[in-house]
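The listed protein sequences correspond, in order, to chains A and B. In this text, residue positions in the first sequence follow full-length UniProt numbering: the first is 1, and each later residue adds one. In this text, residue positions in the second sequence follow full-length UniProt numbering: the first is 1, and each later residue adds one.
Simulated from the structure, these hints should not be mistaken for laboratory data. Hints should not be assumed to be uniformly reliable.
[What the hints assert, rightly or not] With a cut-off of at most 25 Å between alpha-carbon atoms, the simulated DSS-like pairs for lysine-lysine come out as follows:
1. B:Lys449 with A:Lys268
2. B:Lys450 with A:Lys268
3. A:Lys268 with B:Lys789
4. B:Lys598 with B:Lys568
[To be verified] Facing chain A, according to a computed beta carbon distance under 8 Å, are these residues of chain B, among others:
5. Asp4
6. Ile7
7. Gly8
8. Arg125
9. Ser288
10. Ala290
11. Met292
12. Tyr615
13. Thr652
14. Glu699
15. Ser705
16. Ala712
17. Ser777
[Said to hold, decoys possible] Cβ pair distances, simulated, as ranges:
18. B:Ser286 with A:Ser27: 29 to 39 Å
19. A:Ser115 with B:Gly8: 16 to 26 Å
20. A:Ser115 with B:Glu409: 25 to 35 Å
21. B:Leu719 with A:Asp149: 43 to 53 Å
22. A:Phe22 with B:His33: 43 to 53 Å
23. B:Pro720 with A:Asp149: 48 to 58 Å
Just so we're clear, the structure is a prediction, and the values are computed from it rather than from any experiment. The C-beta atom is built at its ideal place from N, Cα and C for all residues, glycine as well.
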Amino acid sequence: MAGAQLGPAASIGIEKMYDFEFDRPTSIQAAVDSLKTEEALAFSGGQTLMPTMKQRLAMPSKVVSLSAIEEMKGVRVEGSELWIGGATTHATVMRETAESYPAISSLAGRIGDPSVRSRGTIGGSVANNDPSACYPAGTLASKGVIVTDRREIPADEFFQGMFMTALEEGEIVTAVKMQIPDAAHYAKFIQPASRFPLTAVFVARYGDGVRVAVTGASESGVFRWTEAEEALSGNFSAEAVDGLATPDGSGMISDLHGTGDYRAHLVKVMTKRAVAAC
Amino acid sequence: MPKDGGIGASSKRREDIRFLSGTGQYTDDINLHGQAYAYFLRSDVAHGKINGIDTSAAEGMPGVLRVFTAKDFDGVGGIPCGWQITSIDGQPMQEPKHPILAEGKVRHVGDPIAVVVAESLAQARDAAEAIMPDIEDLPAVMDMKAAVQEGAPKVHDDLTSNLCYDWGFVEDNREAVDQAIKDAAHVTTLELVNNRMVANPMEPRVAVGDYAAHSGESTLYTTSQNPHVIRLLMGAFVLGIPEHKLRVVAPDVGGGFGTKIFHYAEEAFCTFAAKQLRRPVKWTSSRSEAFMSDAHGRDHVTKIELALDADNNFTALRTETYANMGAYLSTFAPSVPTWLHGTLMAGNYKTPLIYVNVKAVFTNTVPVDAYRGAGRPEATFQLERVVDKAARELGVDPIALRRQNFITEFPYATPVAVEYDTGDYHATMDKVLEVSDHAGFEARAAESKKNGKLRGYGIAHYIEACGIAPSNLVGQLGARAGLYESATVRVNATGGIVVMTGSHSHGQGHETTFAQVISEMIGIDADQVEIVHGDTARTPMGMGTYGSRSIAVGGSAMVRAAEKIINKAKKIAAHLMEASEGDIELKDGAFTVAGTDKSVAWGDVTLAAYVPHNYPLEDIEPGLEETAFYDPANFTYPSGGYACEVEVDEETGRVEVMGFTAADDFGNVINPMIVEGQVHGGLAQGIGQALWENCAYDEDGQLISASYMDYAMPRSTDLPMFKVDHSCVTPCTHNPLGVKGCGEAGAIGSPPAVINAVIDALHRGGYDVPHINMPASPDRVWAAMQGAKANMGAAQPAARSTDTAEGRSV
C-alpha cells in the first residue's frame, strides 16, 4: 500500500484509513500537477486531516504531502513584511519569529502540543480555516496576504466562513505574508478539552489604525471586531474596550463548553486583555 | 530514619522498570499464531428497532471469515448482572437481558449490532461498512425523571417500565426521618447532579480469544481487574464453559478505575468466535469505541435535605436519588447507588436518622457502573455540599459545624447499617487545616483580590467503606458473589518465594508492596519474593481488585498464608536444631532458639522442606506451600479531611486550583510513596470531575463528548503541587496488617472540597450562588455569577446553577 511510505503503519493507525495513493512532490508545480487527480487532497502536516482519515470521515483518492517542497518553507523578514512559507511548521514559526514578531511567535508556540507544533503548518491551518484555529486570527489581524500557486489573496477576502476559504480546487497556499505591527498580542481563552481557543483575540496596532481579529467565537469563523478597531484606533486602551457594547451573541457558537452569550462576553474580555498586554 | 525495606519503606516500584522501558506485556502485545481480527459495527442511534441486518455483501468481502449477528448466539446466555437489589415493595429489580449483540433493538449509541471477523483489521472494518442494518428510529429515553412517568417510551419493551428498582434505606426509619425533618429548627435542601464520567484508562480494552482443539480448552486474554470473576461469569452464565476448561489471563493492565471490573460482550464474543472459527480472535478497542462501550460512572440526580436542631446538631437526613443505569445492567451497576452509596450517608457525622431513596432508571445511554469510589463519591459529594450550604444559611463556620457533629466514639454503629471500627476525625481535620495553612488563608485571599481574583477555601471531610467485603453480609444484600480474597505462598527449595494472589495489579504496585510485606514477615530481601497475579491458571480463585480492597483483603490472605508457612518452617527448624517448637524465633531470615546461640538460616529450612533427609516426616509433610482465603469481618473505614483553595477569574468564570491538601487516615501504610501516588491520582480524577470532565449526551441520545476534543481530561499543568499527609493513623482493628486502603480516597474527598471552594470564592466576591453543578466549567461559573448579579441580594438560584429540574446529567 502506497500509504506505508508515511511510516510504520501501527504508529499512525493507517490500518484504520481507507486506501489512498501518496505523493510527496518536491516543487510547487509538481504538487499542483499531482493535485489534479480527482479527489486528491493536499496534506500539509495533517494534524486535522490524519485524525479525520483515521475516523474514515475523509476518503481522498490521493494524499499529496507538501512537506518536501523546500521553496514553501522558512521565515523571512523584508522590511516591515514577514514572509512565512506555507509548509513551515508551528515550531519553526515559534522559533524564527521570536524577535521579528513576538506575538505571532507566541501564537505559534501555544498551538496544540509539541508533536502538533512539529507537524502542523501555517499553510495547512489557514487553508483549513477551522473556526477555532489560531492562525486565521493572527493572519487577519496582521493585514495578512495569502500567497498561492496562482495569486495573492488579502486575508480579508480569504477567510469566508467556517472551514470556507477563497481557495479554488487544487490551489495551494505557498506562503502567508503579514505586516509587522507596532505592537500586538494574542489573548487566548482555551476550551478545556481540545485546548483550541474557546475564544481568542489577536490585537495588532499599526500607525494607521488597530486591527482586532476574533477566533473560536463565531459561527462564521474568524472575524474582525470593527467596533473595537474603531474605538482602539482613537484610544488604544483597555478602557476604550470597556466602553463598548458586548458583541451580539446570537451568531456565536453555542456548545457544551459555552453559550453564544458567553463567547460574546469573552470576545470583549480577551480584547481588553490583549490590549492591556500590548 | 526511613526504612529501606519491608513495611513502611518507600521502596521503588519494581514493575515500573518494565512499564517505563516499553517491555510491559499488555493484552494488545499478545498476538497468537493465526490470529484473526474482530471489528464491531456499533449503533449510531440511541434507540431503534432492528428490522433486519443484511450481511450478504460483507460476507463476500476480501479476507472475511464470518459475520456474526444476534442470531448466531441462540442458546448463548446474556451478560449477567452480579448484584440483585430488592425494591421497597419487596419485588426484585427488573433485570433485562443483555445480549452479546443487539437483539431486536439497539439501545444506545455504541450498542454492537454485528461483528466481522477477518484476516486483517482493515478488511474487517471495510466489510463492516458493507453491512446494511435496517434500523427504525425510536424516541430516545434520556431524562430519568421523564423516563419513569406513565406512558414514557421504554428502553426494554418486556419490562413494565424504565424503573429498574425503587430502593428505600432504611425503610424502618422513613417515618421517623420525615417527622424529624418536620420538627427541625432548620432544614437545608440541595438539588444537585453528580456528572457522568468516562473512566478513560490509558490502555483501552482488548480481548483475545483462543481455543485449543486438542484439549477443548478456551483461553481469554483480557484487560480485566478480576480474571476469576470474568471466568466465572462468562463460563457459567454466558458461554457454558466449565471453569476447568476456561483460562482467563489479565496480564499487564494499563489502568482500570473500575471500568475493567465488568464482564463485557467483547470478551465473550472473542472467546466464542475463537471456538467457532478455530482461530484466535482479537479485538482492540479504539479510543472512540471506548467512549461508547466502556461502562461510564456516576450520573446521579439527587435531592438532599439536612435537618438541624436549634443548636445546629444534625437531627435527620433524607435523600432522593435518580441513578442512571444506562441501557443494560452492567456487572455491579445495581449495587453502586445502593449498598455502596446509601450505607455511607452518615459520613463522619452522628446524624441519628437517615433515609435514602434511590430510583434506578434505564435510559438509552451506555451502561453506568462503578468508577473510582463507586457510590461513595456520590454520597460524600451531596453530604459535604449540603453541610457547607447549611453552614452558610445558618451563618456559622463550616469547619465548626462539621466538628460539632463529628462522631468521636468508636466503634460507632450508624443508622445506615455499618459499624465504623476506628477513626479520629478531629485529628484529620486538625491536620488538613494545619498543612493547608488555613490560618494564612485570609492573607492569601487579600493578595488574590489585589490581582483581581476571587479566592475561596473549601473543606470536605469524608468516610469511605473499603476492603470489600464480608461475604455473608453482601450475600444478604444481594451480591451474587463472595468477596473474600486468596493467596498461595510457594516457598522454593532455595528459599525464594512466589506469592500467587487473587488480587490484580493494574497500576497499584502490588508487585512491590506485597513483596514488602513478605520481606518484613520473614526477614529476607524483597527481591527474593515474586508476586504472581492476573492468570486463573496460576493463581487461586480470587475476586480481584476494586473498592480499595487489595491490601486489606488480598494482603490479609497473603499474611494468613505466610503465617502458615512460618508456623511450618518453625517446626522444621525446631527439628533441625533439636529444640522445642515453642522456643523458635524467626528474625532477619534466620531461625534461632530462644536463650541459645543456635541458629539455622531460612534457606536451610526451605531446603530441608524439599530435600527431607533430616526431617520430621512422621509429623509434617514435605514441601512449603500454603494457601489461605481471607474473608473480612467488616469493611475498613478510611477517612480524611481535604482542603481546596481556588482562584476564580471574575471576568471569565475560570477556576484555577491554587492548592490542594489531603490529610488521610489510611490506618497502617505499607509503602508511603505508593500511597501518596494513589492519592495524587485520585485527586486528579476528583478535581477533574469537579472542574472539567463531563460525559454529555444530547436529547436524541447522541454522545456529545465522544472524544478528547470535547471530554476534558485533567492535565498535570492544571493541577497544583498536592500536599498529602497520612500521619493520622487509627489502625483497622479487624485485619492483620491494620490497613484500610487508599485507592479511591482522593476521588471521593476532592469533588466537594473543590465545589465548596468555588462557592466560597463567589460568596466572597458578593455573588450569592447556592450551588454549581459539576463540572464547574468557566461558562457555568460565569452564568452563575450573572444570575446572582441579576438577583443580587435575594437568595435566588443562579442561572443554570441548580439545573436539576431535568433528570439527567448535562
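Structure-based check of each hint:
no.: 1; hint: B:Lys449 with A:Lys268; in the structure: 22 Å, holds
no.: 2; hint: B:Lys450 with A:Lys268; in the structure: 22 Å, holds
no.: 3; hint: A:Lys268 with B:Lys789; in the structure: 19 Å, holds
no.: 4; hint: B:Lys598 with B:Lys568; in the structure: 18 Å, holds
no.: 5; hint: Asp4; in the structure: 38 Å, violated
no.: 6; hint: Ile7; in the structure: 41 Å, violated
no.: 7; hint: Gly8; in the structure: 39 Å, violated
no.: 8; hint: Arg125; in the structure: 7 Å, holds
no.: 9; hint: Ser288; in the structure: 7 Å, holds
no.: 10; hint: Ala290; in the structure: 14 Å, violated
no.: 11; hint: Met292; in the structure: 13 Å, violated
no.: 12; hint: Tyr615; in the structure: 55 Å, violated
no.: 13; hint: Thr652; in the structure: 6 Å, holds
no.: 14; hint: Glu699; in the structure: 13 Å, violated
no.: 15; hint: Ser705; in the structure: 6 Å, holds
no.: 16; hint: Ala712; in the structure: 4 Å, holds
no.: 17; hint: Ser777; in the structure: 7 Å, holds
no.: 18; hint: B:Ser286 with A:Ser27: 29 to 39 Å; in the structure: 37 Å, holds
no.: 19; hint: A:Ser115 with B:Gly8: 16 to 26 Å; in the structure: 41 Å, violated
no.: 20; hint: A:Ser115 with B:Glu409: 25 to 35 Å; in the structure: 57 Å, violated
no.: 21; hint: B:Leu719 with A:Asp149: 43 to 53 Å; in the structure: 47 Å, holds
no.: 22; hint: A:Phe22 with B:His33: 43 to 53 Å; in the structure: 32 Å, violated
no.: 23; hint: B:Pro720 with A:Asp149: 48 to 58 Å; in the structure: 50 Å, holds
The structure is inconsistent with the numbered hints 5, 6, 7, 10, 11, 12, 14, 19, 20, 22, although it conforms to all the rest.
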